[in-house]
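Undergrad: One letter stands for each residue in the lines below.
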Amino acid sequence: MRVVIAEDLFLLRDGLTRMLEAHGLQVTSAVENGPDLLAALAADKPDVAIVDVRLPPTFTDEGLRAVLQARREVPGLPVLVLSQYVEQLYARELLAGGSGGIGYLLKDRVLNSTQFVDAVRRVADGGTAMDPEVIARLLAHNSGNSAVAALSPREREVLALMAEGRSNAAIAQQLVITERAVAKHTASIFLRLDLQPSDDDNRRVLAVLAHLNR
Amino acid sequence: MSDIPQEPQHPLFPALCRLGSGIVGVARWSVFGALAMVGGGSMFAAPALLVEATTPHGWGDGASGDSDHLWLALLVSLVPCLVLSARWAAGRTTWAVGPAPLLPPALLLAAVLKYGGVLPGGNHGVVWLVVPMAACTVLSTRWLAAVTRRLSAEWCGVPITVPYRPLPGSDTLPGSGSGSGSGRATGRAPGGQYLRLLWQRTGWLLFDPATWRDLLWIAANVSAPWILCLALVKILPPIDPALTWPLLLLSVLWSAPRLLPAYGLIARSLLGPTRQAELALRVNHLNRTRTDTIDTSAAELRRIERDLHDGAQARLVALGMALDAADQLIDTSPAVARAILAEAKGTSVKALAELRDLVRGIHPPVLADRGLADAVHALALDLPQRLHFDGELTGRPPAPVESAAYFAVSELLANVTKHAEAGQVWIDIAHIDGQDGGTLRIGVTDDGRGGADAARGTGLSGIERRLAAFDGVIAVSSPPGGPTIVNMEIPCVLSSPKTSSS
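The listed protein sequences derive, respectively, from chains A and B. At position 43 of the first sequence (counting the first as 1) the number is 42 in numbering that gives the first Met the number 0, and the numbers step up by one without a gap. At position 129 of the second sequence (counting the first as 1) the number is 128 in numbering that gives the first Met the number 0, and the numbers step up by one without a gap.
Hints were generated in silico from the structure; no laboratory data involved. Since this is a predicted model, take the numbers as computed values, not measurements. Treat the hints loosely; a few may be bogus.
Beta-carbon label-pair distances, calculated as ranges [as the list claims (entries may be wrong)]: (1) B:316 x A:27: 36 to 46 Å; (2) A:213 x B:316: 53 to 63 Å; (3) A:174 x B:341: 42 to 52 Å; (4) A:176 x B:495: 40 to 50 Å.
EDC-like mimics (lysine to aspartate or glutamate), calculated; alpha carbons at most 16 Å apart, straight line [to be verified]: (5) B:349 x A:107; (6) B:344 x B:323; (7) A:106 x A:13; (8) B:349 x B:381; (9) B:344 x A:107; (10) A:106 x A:7; (11) A:44 x A:7; (12) A:183 x A:156; (13) A:106 x B:410; (14) B:349 x B:306; (15) A:183 x A:198; (16) B:417 x B:446; (17) B:417 x B:381; (18) A:106 x B:356; (19) B:349 x A:132.
Beta carbons: idealized from backbone N, C-alpha and C, even for Gly.
Go ahead and model the full structure; you've got the sequences and the hints to work with.
TA: So, in structure tokens, the structure goes:
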């Protein structure tokens, strides 16, 4: 799997590269600013790009804007956005296109390399990886939503993990329940939220996020 | 909103509207007239009494004079009025000034009508009455001027700035904002201090040029209408007597609402601050807001220092110690070392989270990245309430304004979450072009239970102080039962948006 990294801090860029290579991924370019990222994406055609939100030269949301631009040119281009902080506003913008292949994680998540590499692979496969903090705030924002409020605590746990982009198998493992139990919860959630059930994990996540982002 | 069908209008509707506004205009003029009469009465009663007392022959023949009763009447009316005025001057209550303007004319009337002009101690003895009457007059001018200023803003559309010097021993401006105005109770003063306060206030009252301009206004206000009427009667050509009244009525109804702004402008020329007073007020305002700003930022720095010291710094020390322990144990007992490393990882995650929160409190990253509108939007997206957001700015306000506005909204939204029990929140941000670069306007409305009061909580007054440094203002409307509507305005210029270089 071929990866492009855009991160301006040398230590982090180097650490990421080493970690990904240790897990058998191939880092084709590791760049440090927005324009270089766009060039690398065009030249390398990677399976996934890992991009820091804040990049030179403006040190604002340069990385995010570069990603949005790249995805306008190549819809569905898999991108995992990393940041020191997460904002629902940015999550919405990343998801606005309605296509998958999007990740948005706190930089802290790098500390758990297994889970992080799992998220990278998921995004590369067209899946979704939303930070638990984004989802927690999204659910807090929906606490006035009667459909969400009607869910049982267990269903809400499943909903949160599903919104993060986890598969049924991963949710089952995390909550220590069977996959069939997860499927049952999922069906109930979709019924309560009045969503069209789907076997496609990815479409399912996007539907849930779209519902919560209303 | 355009799809709401228009109600068909009755053809008489505009005419009725015009008639209504004419009647309202006349009513407002009547109130101004009444105020002028009260002021005039209050002002001229004392001199009239003085003239009466010093002329050889009084108004009456003195036959019905009954000095015992008069003494009683004077005591009953004058003493409470003077006590209340003195209390006001000593900083206790404001409403006491209300009855003060009515007292001198009432005394004069009593002297003239009931007692035929004869007063205790003979006509010369009345001179002592002139002094308390004059005191009442001076006190009452403040009251009359304040009422006129308020009505001028409400009815004439001409807001008038309060021109007085700040109260001695207080750092608030007289009449600045609601509730924090002049004469607000400053606590109970013991005897000696009471006298000192009274003395200070009297000096403050008498030596402020604005007081004398107020008096000038009252004199002009009561005399000018008569001169104007006489002039009009002289100038206007004679009309058929049968037509006089209908014509008069029509012209009064037509002109009453139209001439109100002119009255407001005239009032402002005397009741508003002079250029010099304006500058003095400005210096005072700047002084106060500068002190506030310095205090606030010093407190903020202390908070940041404390947070870093107790939070991230302490955790990094713990992290270093854990790594050291793991280093020593890794050969002898790798299992324990691994457990310590796992704990160290947890510590680093917590330190990161604390730093993140701290940074958010200093300068939120979205604000730096995207500017005010998006930052407020991002902030509001974390609310549990249903959000209606409408805001777009064509450029960026200056960074300090942006930051102050952001934290003001943040404080307001925290209030909504904590107290309002609201289901929906509306936020709108706009920059309105105007003179001096325009105004940044932010509205935050919720459908909660209302009852927010700037005087009780520190939150709203904190915002007021924060915005005052930029000449910004905040207006809160929050009747019990809701809704709460908060509007903030900060004068500022937008810079052209940063263009992306990618």
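Undergrad: Hints first: check each against the structure and report whether it holds.
TA: Now the hints, each set against the structure:
{"no.": "1", "hint": "B:316 x A:27: 36 to 46 Å", "result": "40 Å, holds"}
{"no.": "2", "hint": "A:213 x B:316: 53 to 63 Å", "result": "46 Å, violated"}
{"no.": "3", "hint": "A:174 x B:341: 42 to 52 Å", "result": "21 Å, violated"}
{"no.": "4", "hint": "A:176 x B:495: 40 to 50 Å", "result": "56 Å, violated"}
{"no.": "5", "hint": "B:349 x A:107", "result": "10 Å, holds"}
{"no.": "6", "hint": "B:344 x B:323", "result": "14 Å, holds"}
{"no.": "7", "hint": "A:106 x A:13", "result": "14 Å, holds"}
{"no.": "8", "hint": "B:349 x B:381", "result": "21 Å, violated"}
{"no.": "9", "hint": "B:344 x A:107", "result": "10 Å, holds"}
{"no.": "10", "hint": "A:106 x A:7", "result": "13 Å, holds"}
{"no.": "11", "hint": "A:44 x A:7", "result": "21 Å, violated"}
{"no.": "12", "hint": "A:183 x A:156", "result": "13 Å, holds"}
{"no.": "13", "hint": "A:106 x B:410", "result": "28 Å, violated"}
{"no.": "14", "hint": "B:349 x B:306", "result": "13 Å, holds"}
{"no.": "15", "hint": "A:183 x A:198", "result": "13 Å, holds"}
{"no.": "16", "hint": "B:417 x B:446", "result": "14 Å, holds"}
{"no.": "17", "hint": "B:417 x B:381", "result": "14 Å, holds"}
{"no.": "18", "hint": "A:106 x B:356", "result": "14 Å, holds"}
{"no.": "19", "hint": "B:349 x A:132", "result": "14 Å, holds"}
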